[in-house]
Amino acid sequence: KLVKEFYMNLRIVSSPHEEFALSSTVKGQRIFLDARILASILHIPHSGLYIFEYKKWPEVEGFHPNHILSILYPNDPNIHPNMALCTNKLSVDHRLLHHLIVHQLLPTGGGYAKLSWMQAFLMWCIISKVEFCYPLLMLHTMVRAFTQKKSVLPFGSILTKIFRHLEIRLEGEIGTKLKKEDTYNKSTLNRMGWKKQG
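According to UniProt numbering, the stretch in the sequence shown is residues 1 to 198, in order.
Everything labelled a hint here was simulated from the structure, so no lab data went into it.
Just so we're clear, the structure is a prediction, and the values are computed from it rather than from any experiment.
Do not take every clue at face value.
Listed below are the simulated DSS-like cross-link pairs for lysine-lysine, each with C-alpha atoms no more than 30 Å apart in a straight line [to be verified]:
1) K177 - K150
2) K55 - K89
3) K27 - K56
4) K129 - K55
5) K56 - K150
6) K161 - K186
7) K114 - K186
8) K149 - K129
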């Protein structure tokens with residue numbers, strides 16, 4: 001219930017020339033979040049690339065879409081950056097990485113058969129060991145979920161941690177248990193086609 005309230009009251013409060021920031025109200029208490037504050041609450045870094053794109057390929061020095069496409073689709077010489085990308089042609093390792101991105105890093109709900117340009121970019125960052133500002137991506141994912149007609153409300157567990165950090169009273173709230181698909185185990189890997197070697 002509090003997660004829904006957070007998203008119902010969510011607003012972008014930064015101007016285009018300021019660091020990206022959000023505000024919401026839960027149980028009458030104002031919540032202000034930017035990448036630094038979120039990183040501090042979660043005890044994670046807020047360094048790395050400050051970028052978030054969904055309508056075009058991210059423009060970052062050292063990155064070219066053809067490079068990640070050649071890694072993800074090595075047997076498809078016809079693949080190019082303007083194509084719609086599908087996950088069914090990814091290797092098992094890359095499908096697992098994509099699964100982690102769409103379920104854990106940037107959960108958006110919906111189908112997972114398509115690979116967005118931002119998801120492909122994050123795969124490049126992870127494969128190439130290029131640091132990106134995860135708290136900033138989380139904030140943008142929250143806004144994207146809020147503005148989409150059909151979307152999950154992401155980061156429920158993280159929002160609960162934020163509420164606790166800000167001492168928002170949780171008495172009387174009903175917790176939600178993790179679903180089977182929110183955990184990774186041997187059966188998850190088997191469903192994705194991973195086979196144990198040796």
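*Mind checking the alpha carbons of K149 and K129 for me, to see if they're no more than 30 Å apart?*
violated, 34 Å
*Verify the proposed pairing of K129 with K55, using a straight-line Cα cut of 30 Å.*
At roughly 24 Å apart (the allowed maximum being 30 Å), K55 and K129 satisfy the hint.
*Is the straight-line distance between the alpha-carbon of K56 and that of K150 30 Å or less?*
Answer holds: K56 to K150 is near 21 Å, not above 30 Å.
*Please work out if K27 and K56 have their alpha carbons no farther apart than 30 Å.*
With a Cα-Cα distance of about 37 Å, the restraint between K27 and K56 is violated, given a limit of 30 Å.
*Between K114 and K186, does the CA-CA distance stay at or below 30 Å?*
holds, 24 Å
*asked:* Can you confirm whether the C-alpha distance between K161 and K186 stays at or below 30 Å?
replied: Answer holds: K161 to K186 is near 28 Å, not above 30 Å.
*asked:* Hint check: K177 vs K150, CA-CA at most 30 Å. Holds or violated?
replied: holds, 22 Å
_With the threshold set at 30 Å, check whether the alpha-carbon distance from K55 to K89 stays at or below it._
OK: K55 and K89 at ~22 Å, within 30 Å.
Hint compliance for this structure: hints 3 and 8 are broken, all remaining hints hold.
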